[in-house]
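Protein sequence lines correspond, in order, to chains A and B.
By this note's numbering, the letter at position 7 of the first sequence is numbered 7, and the numbering carries on one by one without gaps.
By this note's numbering, the letter at position 120 of the second sequence is numbered 120, and the numbering carries on one by one without gaps.
Some hints could be false.
[Stated by the list, open to error] In silico DSS-like links for lysine-lysine, alpha-carbon gap of 25 Å or less:
id, chain 1, residue 1, chain 2, residue 2
1, B, Lys257, B, Lys170
2, B, Lys108, B, Lys170
3, B, Lys170, A, Lys154
4, A, Lys154, A, Lys121
5, B, Lys210, B, Lys257
6, B, Lys108, A, Lys154
I should point out that these hints are in silico values taken from the structure, not numbers from a laboratory.
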Amino acid sequence: MLQDAEPLPPKHLEPVGAKERLAVTIPERTSEAEPRSNPQMPIELILARQLISYLGVPFFLVDPRGDLLYYNEAAESVLGIRFEETGRMPMEEWSRAFTPTTADGTALEPQSLPLVVALEKGRPSYADMWIRSLDDRARHIQVIGLPLVGLAGKRLGALAVLWEVE
Amino acid sequence: MRGDDGTLLVLDAGTGIRRLGVSLEESPRVENPPPRADILLTHLHMDHIQGLGFFGPLYDPNVEIHIWGPASATRPLRARLTRYLSPPLFPVHLRSLPSQLTLHEVPKEDLEVGRFRVTSAYVCHPGPTVGFRIETPDGVIAYLPDHEPALGVREFPADPEWTSGYSIAKGADLLIHDAQYTDEEYATHVGWGHSSVSQVAAFAELAEAKHVVLFHHDPVRADEELEVILAESNRRNHGSTVTMSIAAEERSYTLEKGELRIEPLPAPA
Ligand SMILES: [Zn+2]
Ligand SMILES: [Zn+2]
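With the sequences and hints as input, model every part of the structure.
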């Protein structure tokens, strides 16, 4: 006699409200975002961070709220600032810091940012954009946002490739 | 693992589980047959499941058995286990086992089994693999038999936050941990999913575990070699608050109010 208990939930993705949090006012941070009761990152994020720290392609890693966890050395040259100097940043901060725009200078709608799409919709997304790096240079970049969804459909965050167009 | 309320947890299903089944039948100290057994599978590598079909209680219709193990991205635990527990690899099909068998998928947080609180989380090892943390009124046991937390870490150990298995092992009174390699062997086995003894020592120190049992020995290792490896590790970690011993057959580990007692297994009456 055999039965399966509590099968895995269907792989639906609940919204995380990343869009809303791009508003100018910085919302109160809830305690669930703070790694208090479980001070360790999920293995998928640990491995993602380790992998990109070994890659020469610029990568940017965020948690399920969209908060910056890490970017690698290759991304430091695109963003114009070392990760050690910025450290972890809430989404509200980094999304404003780099002022993403289209080629003609129009500000990009937050919901069209590849990382936001990856987090909200759980699918890869692409955009061509300009940013102002923190060493105060306008840079033309192509961004691919990749959702990090675990085996059981758990939303873990997202990765972005920040490819500078020469 | 036995709770003082009789709860029976079985950690993985390697070859040892056959003898466990026999000893349960023979032991005068245990209700016979045990009304329920929970088997916690960290992952489905062969060395962790190959004894499963030889566990006597699986053939007893009066026994309730719960198997906890990881699914994969596309295949549920049942399908993954059936690959082994079905012909031609095994004569009996999983669904034909007479016991009252229930499968549960992990990782899961805070699951209650008798007086044990069991938490599982994915850890660094090839394929979906979890570690188990078992909290009891007498202390905490962490089980990470196949684990490579040092993989890709430039200076191990890193921050607790960025260390695989930390939440499982934190503050454990007894940490049962993979220690397959020496440092020289690890250098040529990076990414194979296992740890060196010195990495275990560093990991245990980081996690503030009290006692580590070195486990998952390399199959070619002789007992004397293990003694040398342990002595060398103790020499290097002189002054550490973490104590270490070698996992061996026929040994019992008792946790009582946070104190650990290691003794030879009592001979069957
Ligand atoms: Zn394994
Ligand atoms: Zn193994």
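Do the hints match the structure? See the list:
| no. | hint | result |
| --- | --- | --- |
| 1 | Lys257/B / Lys170/B | holds (17 Å) |
| 2 | Lys108/B / Lys170/B | holds (17 Å) |
| 3 | Lys170/B / Lys154/A | holds (23 Å) |
| 4 | Lys154/A / Lys121/A | holds (13 Å) |
| 5 | Lys210/B / Lys257/B | holds (13 Å) |
| 6 | Lys108/B / Lys154/A | holds (12 Å) |
In the structure shown, no violation is registered for any of the earlier numbered hints.
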